[in-house]
Amino acid sequence: MASIEDSVDIPPNQTIYVNNLYEKISKKKLREHLYSLFSKYGQILEIEASKSLKMRGQAFIVFKDITSASNALREMNGFNFLDRPMKIQYSKNKSDAVSKLDGTYMEKKRQREENNEKKINIKKQDRKVTGGQKNKNGETLSVGNIPSNLQPRDLPPNKTLFVENLPDKCDPMMLEMLFSQFPGYKEVHMVESKKGIAFVEFQDESKSGLAMQSLQHFKVTQEKPMVISFAKQ
DNA sequence: AGCACA
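When we follow full-length UniProt numbering, the leftmost residue of the first sequence carries the number 1, and every step to the right adds one.
Please note that the accuracy of each hint is not assured.
As the list claims (entries may be wrong) - Using 25 Å as the maximum straight-line C-alpha spacing, the simulated DSS-like pairs for lysine-lysine come out as follows: (1) K159 - K100; (2) K54 - K24; (3) K40 - K29; (4) K92 - K64; (5) K186 - K94; (6) K194 - K92; (7) K100 - K194; (8) K92 - K169; (9) K40 - K27; (10) K194 - K169; (11) K159 - K87; (12) K51 - K92; (13) K24 - K100; (14) K28 - K94; (15) K219 - K186; (16) K51 - K87; (17) K169 - K100; (18) K24 - K64; (19) K207 - K232; (20) K94 - K159; (21) K51 - K94; (22) K94 - K64; (23) K54 - K94; (24) K54 - K29; (25) K186 - K159; (26) K51 - K24; (27) K64 - K27; (28) K100 - K64; (29) K29 - K64; (30) K186 - K169; (31) K40 - K87; (32) K159 - K232.
Said to hold, decoys possible - Pairwise CB distance ranges (calculated): (33) K64 - N19: 18 to 28 Å; (34) D154 - E32: 55 to 65 Å; (35) N20 - K94: 42 to 52 Å; (36) I197 - N77: 35 to 45 Å; (37) P147 - N19: 53 to 63 Å; (38) K54 - P156: 40 to 50 Å; (39) E223 - D96: 28 to 38 Å; (40) L82 - R153: 20 to 30 Å.
If you are wondering where the hints come from, they were derived from the structure by calculation, not from laboratory data. Just so it is clear, CB atoms sit at the ideal spot from N, CA and C, and this is done for glycine as well.
Model the full assembly from the supplied sequences, consistent with the hints where possible.
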């Protein structure tokens with residue numbers, strides 16, 4: 001039996017999912033209507049609608065912030081639009097429009113999974129080098145003998161990791177592929193002006209700690225092992 | 001009813 005509120009278990013999202021919409025109007029018209037109904041709740045980044053078999057009668061309205069989405073949901077759920085009460089829930093997924101803004105956007109979901117598998121294999125090779133006695137050049141890299149520039153900072157556990165010694169070409173996508181394979185991964189932050197460093201957030205400090213141990217001194221490129229510490233504060 | 005974005 002359908003519960004009174006199916007939306008209860010979906011966490012707030014800046015995108016709302018609208019359905020039970022009238023299906024016999026053009027996508028363009030639908031988006032225009034929705035825009036005029038919803039723009040009063042805040043800035044709309046995008047309205048996504050499709051007339052495909054699966055997607056007709058539904059739309060995704062992407063707001064700039066969650067508060068706008070929440071107000072829109074509360075006030076407009078059940079609103080009679082073109083003779084039908086619209087049903088509104090938070091979207092189950094993060095919209096690409098917002099991922100693009102926060103730097104976590106990736107071309108394709110599937111591509112991400114494939115890449116993750118490759119990275120795991122690369123990781124296994126590389127980690128042995130750091131943990132063992134020699135690297136490929138025959139230099140000694142024993143654990144107690146790490147060059148000071150590769151020494152992680154000694155800071156108390158934190159759910160956010162501070163990653164440094166990254167190559168300049170390293171971008172958020174690469175880091176996401178690497179870190180998102182660990183449980184509790186949330187997001188990567190990079191600052192354009194500060195090359196070579198990144199912050200990676202996890203659910204809590206045990207999750208971040210695990211990722212740190214696993215990826216410590218992982219080489220994104222042949223000569224640059226990343227150095228991972230807990231972030232300050 | 002149906003949760004996408006190339």
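Against the structure, the hints come out as follows:
no., hint, result
1, K159 - K100, "holds (24 Å)"
2, K54 - K24, "holds (15 Å)"
3, K40 - K29, "holds (18 Å)"
4, K92 - K64, "holds (16 Å)"
5, K186 - K94, "holds (12 Å)"
6, K194 - K92, "violated (33 Å)"
7, K100 - K194, "holds (19 Å)"
8, K92 - K169, "violated (33 Å)"
9, K40 - K27, "holds (21 Å)"
10, K194 - K169, "holds (12 Å)"
11, K159 - K87, "violated (37 Å)"
12, K51 - K92, "holds (20 Å)"
13, K24 - K100, "violated (31 Å)"
14, K28 - K94, "holds (23 Å)"
15, K219 - K186, "holds (22 Å)"
16, K51 - K87, "holds (18 Å)"
17, K169 - K100, "holds (18 Å)"
18, K24 - K64, "violated (29 Å)"
19, K207 - K232, "holds (16 Å)"
20, K94 - K159, "holds (22 Å)"
21, K51 - K94, "holds (21 Å)"
22, K94 - K64, "holds (12 Å)"
23, K54 - K94, "holds (19 Å)"
24, K54 - K29, "holds (19 Å)"
25, K186 - K159, "holds (10 Å)"
26, K51 - K24, "holds (9 Å)"
27, K64 - K27, "holds (22 Å)"
28, K100 - K64, "holds (12 Å)"
29, K29 - K64, "holds (22 Å)"
30, K186 - K169, "holds (22 Å)"
31, K40 - K87, "holds (18 Å)"
32, K159 - K232, "holds (10 Å)"
33, K64 - N19: 18 to 28 Å, "holds (22 Å)"
34, D154 - E32: 55 to 65 Å, "holds (58 Å)"
35, N20 - K94: 42 to 52 Å, "violated (23 Å)"
36, I197 - N77: 35 to 45 Å, "holds (43 Å)"
37, P147 - N19: 53 to 63 Å, "holds (58 Å)"
38, K54 - P156: 40 to 50 Å, "holds (48 Å)"
39, E223 - D96: 28 to 38 Å, "holds (34 Å)"
40, L82 - R153: 20 to 30 Å, "violated (59 Å)"
Hint violations for this structure: numbers 6, 8, 11, 13, 18, 35, 40, all remaining hints satisfied.
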